[in-house]
Each structure stands twice: as structure tokens, then as C-alpha cells.
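Numbering (my numbering), first residue to last: 1287 to 1453.
Derived by calculation from the structure, the hints in this document are not laboratory data. Any given hint could turn out to be false.
[Unchecked claim] Cβ pair distances, simulated, as ranges:
1. Asp1439 / Arg1293: 18 to 24 angstroms
2. Val1423 / Glu1300: 15 to 21 angstroms
3. Asp1295 / Gln1373: 29 to 35 angstroms
4. Ser1395 / Asp1439: 30 to 36 angstroms
5. Pro1308 / Glu1416: 25 to 31 angstroms
6. Glu1300 / Ser1366: 30 to 36 angstroms
7. Ala1363 / Lys1291: 34 to 40 angstroms
8. Gly1325 / Pro1296: 37 to 43 angstroms
9. Phe1431 / Arg1319: 24 to 30 angstroms
Note that the structure is a prediction, hence the values are computed from the model and not measured. Think of the CB as a built atom: it goes at the ideal place given N, C-alpha and C, for glycine as much as any other residue.
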Amino acid sequence: MFLRKPRPDPAGPEQESVWSYPRPPLLEPTPKRLEIWLGGVKIADTTAGYRVVETSHPPTYYLPPGDFLPGVLIPAAGQSMCEFKGQASYWTLSAGGRVEESAAWSYESPTPEFRGLAGHIAVYARRVDECRVDGEVVTPQDGGFYGGWITRDLTGPFKGPPGTLGW
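Let the hints inform the model, and build the full structure from the sequences given.
Structure (C-alpha cells):
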């Protein structure tokens, strides 16, 4: 079945449409405060993160590994390949008695365009208690493969739900 590109939702004042994001994706530093909780424990907190923005996707946030609590990140089996960023490695997260296998990923040797991401960690928001951007609790991007964080300042529709693979 052929799926047509959806019509972007109207953006209000101080909102970004994910349909104005580029493809190939763009890496940009963000001064926003990024926080992650697992097992009732705040496992990461930074204002030195990056975000990757790509057409139809909410931003994916990457945090410096040094801004995670010690012992939270455990190397996990498996790898995947992104045509833009390179080979991804996976991480298991463990805190507060909770363990989430392969709930985070990183690019240890990314492509030149994404070298700023080297070693930074992205987390699937749906696999942890909570993620926040500047204090706002995010909504996880739909779909098991995608790791975007949706905030009120974004408009969609967002890729991820069934039927959106062809966008």
C-alpha cells in the first residue's frame, strides 16, 4: 500500500514543525536541561547535550556519558547501522533495582558529519520512568525502533505509529 506524505499540523507561536526538519538529519548542541529517571533514581542530568533533528521525527537527544550516574550504563549485545550516523552500540540501563536491556545507544565512531555525538548516549523514553526537557516530561515517539522525545513545542504528525514507515 502506498502511503502519501501527511499534511503537517499547523505550528503555533514558539513551536517547531518536525516537517521543517531536514533530511539528511542535522546535529545541533542544545543548552536545554535533559534529565532521565529509572527505578525512581535520576540517572542522568545535563545541559551539555545534543539533539538530532530529522524530517517527521521528534528530536533524539544525546547526553555525555559522564553526566550519567556511575554504574548505570552497561554495554549490551547487538549493533545496528544508521545510513547517516554510522554503527550504533547498545547499552543496558540499571538503577533503583530496575534493569532495562538495550534501552540506550551510542555511536562510538560516528560519520564525520556527526562526530560531535561520539560516545554520547541516547535513551528510549518509553523504556525508563521519565525523561524531561527543561523540566517538561516528554512523550516517547511511537514505535519500538524510534527514540525521539516529544515536547509541547513540537507539531507533527510524527513518524512511528503503524502505517508511517513509508513516510
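Outcome of the hint check:
| no. | hint | in the structure |
| --- | --- | --- |
| 1 | Asp1439 / Arg1293: 18 to 24 angstroms | 20 angstroms, holds |
| 2 | Val1423 / Glu1300: 15 to 21 angstroms | 19 angstroms, holds |
| 3 | Asp1295 / Gln1373: 29 to 35 angstroms | 34 angstroms, holds |
| 4 | Ser1395 / Asp1439: 30 to 36 angstroms | 32 angstroms, holds |
| 5 | Pro1308 / Glu1416: 25 to 31 angstroms | 29 angstroms, holds |
| 6 | Glu1300 / Ser1366: 30 to 36 angstroms | 34 angstroms, holds |
| 7 | Ala1363 / Lys1291: 34 to 40 angstroms | 36 angstroms, holds |
| 8 | Gly1325 / Pro1296: 37 to 43 angstroms | 39 angstroms, holds |
| 9 | Phe1431 / Arg1319: 24 to 30 angstroms | 27 angstroms, holds |
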